[in-house]
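J.: Spelled out from the first residue to the last, the chains are:
Protein chains: 2
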Amino acid sequence: MLQEIDQKVQQLMWDVQKRTLDRMKQSYDVNLKTSYKDLVTTVDKENERYLNQRLREIDPDAKIISEEGYGDQVNDLKGHVFIVDPIDGTMNFVMQHCNFAIMIALYVDGEPTYGYIMDVMNDKLYHGGNGDGVFVNNHQLNTPANNSLHDSLMVLNAGLTLDGGHNVREVGKQARGLRMYGSAGIEMIYVITGRIGGYLSYLKPWDLAAGMVLALELGLVVKGIDEQQVNVLSSNLVLVATKQVASDVLELVD
Amino acid sequence: MLQEIDQKVQQLMWDVQKRTLDRMKQSYDVNLKTSYKDLVTTVDKENERYLNQRLREIDPDAKIISEEGYGDQVNDLKGHVFIVDPIDGTMNFVMQHCNFAIMIALYVDGEPTYGYIMDVMNDKLYHGGNGDGVFVNNHQLNTPANNSLHDSLMVLNAGLTLDGGHNVREVGKQARGLRMYGSAGIEMIYVITGRIGGYLSYLKPWDLAAGMVLALELGLVVKGIDEQQVNVLSSNLVLVATKQVASDVLELVD
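Chains as they are written, first to last, in the numbering used here: chain A, 1430 to 1683; chain B, 1430 to 1683.
None of these hints come from the bench; they were simulated from the model.
It cannot be assumed that every hint is accurate.
Stated by the list, open to error - DSS-like mimics (lysine-lysine), calculated; alpha carbons at most 25 Å apart, straight line: (1) K1454/A x K1553/B; (2) K1454/A x K1466/A; (3) K1602/B x K1466/A; (4) K1553/A x K1466/B; (5) K1672/B x K1633/A; (6) K1454/A x K1602/A; (7) K1672/A x K1447/B; (8) K1602/A x K1462/B; (9) K1507/B x K1602/B; (10) K1454/B x K1553/A; (11) K1462/A x K1553/B; (12) K1553/A x K1553/B; (13) K1553/B x K1447/A; (14) K1462/B x K1633/B; (15) K1602/A x K1602/B; (16) K1466/A x K1672/B; (17) K1602/A x K1553/B; (18) K1553/A x K1462/A; (19) K1447/B x K1602/A.
Claimed, not checked - Label-pair ranges, simulated between beta-carbon atoms: (20) N1567/B x D1655/A: 19 to 29 Å; (21) G1562/A x E1540/B: 52 to 62 Å; (22) G1539/B x R1448/A: 14 to 24 Å; (23) N1567/B x Q1440/A: 27 to 37 Å; (24) K1466/A x T1572/B: 51 to 61 Å; (25) H1568/B x D1458/A: 25 to 35 Å; (26) N1551/A x D1451/B: 41 to 51 Å; (27) H1568/B x D1561/A: 55 to 65 Å; (28) G1562/A x N1566/B: 52 to 62 Å; (29) D1458/A x Q1482/B: 53 to 63 Å.
Quick reminder that beta carbons are idealized off the backbone N, C-alpha and C, glycines included.
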């Protein structure tokens, strides 16, 4: 049953990638959400309606949490819950036409079960979970080397770095280098492939859910900066990292 | 004469890309230069020796400035001067196997004349100058839209952002978003393609030379934060940006 859902959601991710690439060739509306730094487009909304409709066909009893408001009111993680980000990194989508992702996660009775991150412009679907491992398309990923902060590149949330809260600038200074890509999905991909040792950011459920499944499946650490396990529905400032980077970072942040 | 050199250097860029891709399949040494944040590999050195040798065949009277020490002692820009970066973004090359570039520029009697930036992993050569326009492979690029800082993503130097000098954090706060990719070549590509509105960083001659040719050819601004024209041999903190972003940023920095 779960494996059948997994196969169908993988196919859905390729279908939505193709739709998105086609849609980018036509014009679409761009609107501000909370500020001029927070955009939403017609494509976000169209993708979300499409994904939610297809997910309801695949798994009719599941609930859906999604970014743009077409999902269900969900207060707990009982049963099957899909968490959907129809375009992650909308600013990059609009300004760069690259460095954005589409993400779905399936949580079963609160357990991170399957995660899917589509790197649309690179034709790469990162997927896995449920003890099966993590794959990019058909190629299985290994657990990234357990490097220390000194031997790792870090991604830090831009606003937090500019404001200097939680002593995060010290994390940036001690890392081998600081990177910012502007899409949680792309940044999660960098961590699970070992290209970034740790990623610290404010993450909403749809930013976090898929990457959290894949990171945990690979034995990486997903923690709040209070060192507690993360609740995907109510996370705040989240660290996704190798064990050693997590230990090094959690000693520095306050 | 110059056009013949241009054709030969374009071919050289494709040759060195193929060598680099082949070389990445074998092992190579990684060494620290000035600190644990500053690496050099065997591939940097092999590429530089190869490029310099081929450039001497293409243009025997030219002088060569290059990062790893196999070039000439050059104190002025009289005649033909090639400026070579054999691997730009060596940290990314080592840690990410992507997001690095190979760059060459030709300055003639001090005039920015031809620039070449090879995005190795994406098979894309950005090249042009000398009034011919700027191309990615065979496709001509348009001048990026003259957006303001509020409507643009910015790349800021990571160390400067962490230290807070020159009021750069205010630039990051006013921009639509902050990005950091860790390679001057890749960051120059983002600016000349309009995906980033402005790039502010400390740039050595080999970091700056090729991107400066391409940016100027497209009518973008290349200035020091003292608002002076940049000398490619002795630049310090350099801004490459649309006219409007340059104006907005130069009002903010001190």
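J.: Is the hinted pair K1507/B and K1602/B satisfied, with a Cα-Cα distance of at most 25 Å?
T.: violated (42 Å)
J.: Straight-line Cα separation of K1553/A and K1462/A no greater than 25 Å?
T.: Not OK: K1553/A and K1462/A at ~29 Å, beyond 25 Å, violated.
J.: For N1551/A and D1451/B, compare the CB-CB distance with the range 41 to 51 Å and indicate the outcome.
T.: violated (22 Å)
J.: Taking the beta carbons of G1562/A and N1566/B, is their distance inside 52 to 62 Å?
T.: violated (37 Å)
J.: Could you see if the CB distance from H1568/B to D1561/A stays within 55 to 65 Å?
T.: violated (41 Å)
J.: Take a look at whether the Cβ-Cβ distance between K1466/A and T1572/B falls inside 51 to 61 Å.
T.: violated (25 Å)
J.: Straight-line Cα separation of K1462/B and K1633/B no greater than 25 Å?
T.: With Cα atoms ~15 Å apart, K1462/B and K1633/B stay inside 25 Å; holds.
J.: Straight-line Cα separation of K1553/A and K1466/B no greater than 25 Å?
T.: Violated, at about 30 Å.
J.: Given the hint of 27 to 37 Å, check if N1567/B and Q1440/A actually sit that far apart at their C-beta atoms.
T.: Hint holds: Cβ distance 36 Å, inside 27 to 37 Å.
J.: Can you confirm whether the C-alpha distance between K1602/A and K1462/B stays at or below 25 Å?
T.: holds (18 Å)
J.: Just to be sure I understand the hint, the distance between the Cβ atoms of G1562/A and E1540/B should be within 52 to 62 Å; is that true here?
T.: holds (56 Å)
J.: Holds or violated: K1602/A with K1602/B, Cα cutoff 25 Å?
T.: holds (20 Å)
Hint compliance for this structure: hints 4, 5, 6, 7, 9, 11, 17, 18, 19, 20, 22, 24, 26, 27, 28 are not met, and every other hint is.
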